[in-house]
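Respectively, the protein sequence lines represent chains A and B. Going by this note's numbering, the first sequence opens with residue 1, and the numbers climb by one from there. Going by this note's numbering, the second sequence opens with residue 1001, and the numbers climb by one from there.
These are calculated hints, taken from the structure and not from any lab test. All C-beta atoms in this analysis are idealised placements derived from N, C-alpha and C, irrespective of residue type, glycine included. Treat each hint with caution, since some may be false.
EDC-like cross-link-like pairs, simulated, lysine to aspartate or glutamate; straight-line CA separation at most 20 Å [unchecked claim]:
| hint | chain 1 | residue 1 | chain 2 | residue 2 |
| --- | --- | --- | --- | --- |
| 1 | A | Lys346 | A | Asp317 |
| 2 | A | Lys153 | B | Asp1631 |
| 3 | B | Lys1163 | B | Asp1201 |
| 4 | B | Lys1549 | A | Asp376 |
| 5 | B | Lys1549 | A | Glu229 |
A few chain B positions that, by computed beta-carbon distances, are all more than 12 Å from chain A [claimed, not checked]:
| hint | residue |
| --- | --- |
| 6 | Leu1369 |
| 7 | Asp1547 |
| 8 | Asp1734 |
Just a few of them, taken from the derived set where beta-carbon distance is under 10 Å, the chain B residues facing chain A [as the list claims (entries may be wrong)]:
| hint | residue |
| --- | --- |
| 9 | Ser1311 |
| 10 | Gly1553 |
| 11 | Pro1555 |
| 12 | Leu1629 |
| 13 | Asp1740 |
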Amino acid sequence: MKAVWKSKGCLRGMIRAAAAAAATLGLGASMLPAQILPDEQARRLLEDGRSAIRQGKLKQALDNLNTIVTGFANTDVVDDALLEIGQAHFRLGDDIEKARAAFGEVARRYPQGNAAAGAFYYLGWLTLRNAATRAQVEEALAQFSRLCRLYPKSEWVPRALHASGLAHRRAGRHAECVQFQRRVVFEYPRDDVAPAAQYEVGRCLALGGKPAQALEEYQRLRNQHPAGEWGVRALDRTTALWRLYGGETPSFTLDPGFAFTAGNVTKNVRDMLMTEDGVLWIASSKAGSVAAFADGRMSQSLSLMKPQALAFSAQGDLIAAGESAVRVGSRDIHTFAVPDDREEMKPLDRISAALLLMNGEWLVSDLRHKAIFRFDPEHKLLDRFGGRSERVVSRLLLDDEGAVVVLDQRERCVEFFDPSGQRLRRIDLKGAGFDLRRVVDMAIDPQRNLNILDERSGVWILTPEGRLLASIGGDSLGKPQALALSPDGAILVYDGKLDRVVRFQ
Amino acid sequence: MLDHRKHEESRLRRVHRRRLCIVAWAFTLISSMPEARDCAAQPSSASDSVVPESIQAEMQSAQELLTHATVEFEGPSQSRSIVLFDRIVEKLEGLKRQEQLPLHGEEILAQVYDLQGRAYFNIGLQEKTAQVFRRLIQMKPQYTLHKDQVSPKIVAFFNSVKKELVGYLAVSSKPPGARVALDGTFLSITDFFPIEVLAGDYSVEISREGYQTESRNVSIAPRITETVEVALTRTAASGFFVTQPTGVEIWIDGALRVVTGGSLHPAAHEEFKALGFDPAQTSARTEAPNILLGPHTIEFRKRCFESIQTSFDVEEAKDYDIEPVRLQESLASLRLVSDPPGAKIILDGEPKGATPAYLDGLCSGSHNLEVRHAAGKFVQEIILARNEELSLDCPIRPSLAFLGVLAESFAAERYLTEADTRVGIKLAEVRSLNIVRPPIERVNQALRSEGLTLADLLPKAGGDPERVRKATEMLSAALDVQGFLIAALSEQQILRNVTLSLLAAGSSLADTREASLVDTDSKAGIIEDLDHLASLSRTWSGLITIDVKHQRGLPVLRVGQGGPAERAGIRAGEILISADGKTLASTHELLELVAAKKPDAALRLIVEQSGTSRVVELTLGMTPVEVALNDQGILYNRLMLDLRQELDGRPGTESAAFARLNLGLCALHFGDLAAAHEHFLAAARDLPRRPGLGRGTALYHLGVVLERLGYSKEALESYRAAAAVEGATVIDNDGPLVKDLVSEAPGA
């Protein structure tokens, strides 16, 4: 039986090889037993592969596409197949290296083909996505720029322009970001990426300190797509910006109609986080869990002993740090160990916050060691993040530019680092009109304003430069313990005295 | 004989000095013969119809021989010409025997006999001379030799030969003017003096329209004159017409028979005055002959006069005086306006000024009206009734030349004609353009002069946009059109689909669309696209509001400078609660409400500030709108036709300047930076300096183009000038402020 199967396999292989050889030699269709031209066969395989990708069937997709690459190497769709392979690895398999190899092959071997522009785009995008340093961001930018220069008529140009804008934002160049995104909006108004680009225009204008222009831009987007995804998101942004900048001073009032309680879940709350689609995550040490609430109803609950802090990874996964372990979404739990004085590995058991970087590295802050440790994706200790000085860190966040934001209670400051550990800037929690001594939580809004929660005095909003913008809720809160920002800029605060979440809007 | 030789030699010497001239004369003679001209232009048979190629070759050969023979004849050895004449005679007589000798062949043959006879005479062979002359006279009895051209002795000899062969015939008829034919060959019109006729027996036929044909047999003897007199019998009537005015066409039973003319005989003046006629404008008594017996319909027609129809019964073959007719003048007037104005009016091919115009004193009836403008034209067939005052609004439409179908494969070539027909049928449905089909030879010739073919106008890799642009401009001027359409038939789906490429004059790249040739939905696809008129303006409130959650009404973020909202006193920071009684939940609702109204319409608003509300009456305005740079839904070349029409149609106006601005954006769409630069420069010059879209907008785009062209310093200057225009925007009057865009520009 085995021999028969083997024989069939051989026969299939021979036919495939013959077809490939025929294609290589340029023989006509009449020479092939199936009477189908190799180009046509390859096209069919490509369509099957694409269909499998759409259905999320990675293996089937790769089988079809790899057959084109190996058996129909001389057909005119081989570059398209390689591009699809790269996308399949990227989207379905999350295998960045294989994706990069496939895209690289297209760019190297088929620079004149249809797929080359797409390959350049993805090469740039992968570089940008994983960029930990300024140089890597610039490298991504160079790829996008190359695409626009070499393939000015390609359908990938608007995406490359959009991605260039994102790269500039990552590099903190907001004006350049606006310029690139505007090119998409002006020059490719019907492209799929145009609404995202217009949203980015608003975002970068806001980041660049031009809230009025940002408001106009978001509203323009909303006028064009009132019911679409981007129109809805734009409404959140106009609401948030108007609240902050519409009047002479930011205008927040306690929403008397909102008081959220959920039994043990809203007792001893250590942290809260809200996603862009309005799902509120609450980490409760009383409940020993991290629970998600959508429209006031619990939609998910993850158990975690003594949860301490919540954050989102660069990929958007929820990172829940417990005292001795870190949970990533609903998938897996990670523990970390560092050598003690005798060079014996001891697990961290006073974790206060954790973060998963784009390159797979971990940042874990530990109160026992008063340090932030950096681990590789296999949890091997790399170094102390941000220098050797002792730190008492209660929060680790990633901001929109990919910077690591550290709330240091001991130093009473917020520090910004690039993913490699290079400090970018520092904001002291003492300044003109404010002196925050019992800071328990922080959040960053899309304008890079710092929202600091002080156990005694409520919410303090500081500009990216550390200037006081507003203070909220000092009198109306009993014992604020955690805060979260909603997509429309409302501030949710957990009041530990009343065991409930209140809202300022 | 010697005297004769001397005379002939002396003449020959004179002639010899002009030998070349004589040769040329021979050529001229032959080619100037009407028959020869006809033959050269179009082959004719013996009776001047089609001459077969073999006969033409024979004639050509005979002509060449005649030229050669004439040279010899005029030379010192004249006798050598005789052999050559023999060869010509052999050729032409052969054709004559086969009844294939054309009329001009007979002329040549007569010429040959003339010269050959004289050559024989000059060497003393009189018998031979007589033989040749006899042949000549038998062929052409009326042929003569003149003493001022030929030696008198030869002339005398020729006449003596002729006397032996020729008699004379004279025919007269009552009434005269009858046609006389001899054995079926036309001879002359009666009455005539004796005509030379070859001696022999003949049947003479005398015929005249309206009379019975008569025949007589006659015998003509040499030197004798025969006379025939015939009284013709009438078989049809004649009508005699008098009209006021003259020049009236008389149509009998639908056929034009005669046009009245001349002036009334003085003796009849009083009689016609009594009938109410003006003798000075009345025609002479004009005959329409040969009217058959029975009832007839007569119509009196003259341009610019009312036609009159009457009936008339002919009972016998005689002259009838029809009752005099006075036609009434029939005039109308035409009032023409066009958009744009200033278009040239061409009525029935005659220029009639420019629009707007009032044309009176026009003849009633049908006319071909063409209102022509640099931006396009309006063409219509109109019919004017008597005393009608017709007012016509003449929308000027761009003209699009359909240049034909190209085959993209060998297989497709067979279907070109059918595809061409089908595309033509589809294009006939286009309403917003004049579709014309210029002669393809003219198109090809114009393109050849630029070293291009039709295929070079289609978009393709490696094409030269600058050459295409020049070619479209040149073709546009040559064909008097504003754009071009070329169809391409591919190997796939032959006769199902074609690719249509649309090029505006001055464009460097065509827009292409697949068009179905089998789709019966007339409004589908390319036709709809071609008829789609882009709107480059919209109603404008000048309110820039934003949507905010949990907020009653719409906060006013800013008001457009100098716009309707500012004029109405609305300020930034106020809250817009309702418009025309409708509570506003989103800015989109407000925009829809405004878009549904026309400029100058009123909008009743309730606005609120610090808890106090007030009512504001706002008069809406209009904002120009910029064309998007890369909108796949736009046929940019179609849009360019409209923009060019605006530009050429209203030169010096603001709308023309905005058309310039948008033409610049179209050029930018095609990557034609040179053209974009030109348009933006002109727009920056022509547009007003004011908030919203205007000079600042054009200067900003100019900066973008200069930057792309690598002129950083000039770009910066342009950006700065743009930012200096207070409140200048892009996209529309509500669009992003130019000064903000400039601040984002590198180096600004």
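Hints, one by one, checked against the model:
1. A:Lys346 x A:Asp317: Given pair A:Lys346, A:Asp317 is violated - Cα atoms ~27 Å apart, limit 20 Å.
2. A:Lys153 x B:Asp1631: holds, 14 Å
3. B:Lys1163 x B:Asp1201: Roughly 17 Å separates the two Cα atoms, so the pair holds.
4. B:Lys1549 x A:Asp376: With a Cα-Cα distance of about 43 Å, the restraint between B:Lys1549 and A:Asp376 is violated, given a limit of 20 Å.
5. B:Lys1549 x A:Glu229: Satisfied, since the Cα-Cα distance of roughly 16 Å is no more than 20 Å.
6. Leu1369: holds, 42 Å
7. Asp1547: violated, 5 Å
8. Asp1734: violated, 8 Å
9. Ser1311: violated, 72 Å
10. Gly1553: violated, 12 Å
11. Pro1555: At 6 Å from the nearest chain A Cβ, B:Pro1555 passes the 10 Å test, so the hint holds.
12. Leu1629: B:Leu1629 check passes; min Cβ-Cβ to chain A is 4 Å, inside 10 Å.
13. Asp1740: holds, 6 Å
In this structure, the earlier hints numbered 1, 4, 7, 8, 9 and 10 are contradicted, and the remaining ones agree with it.
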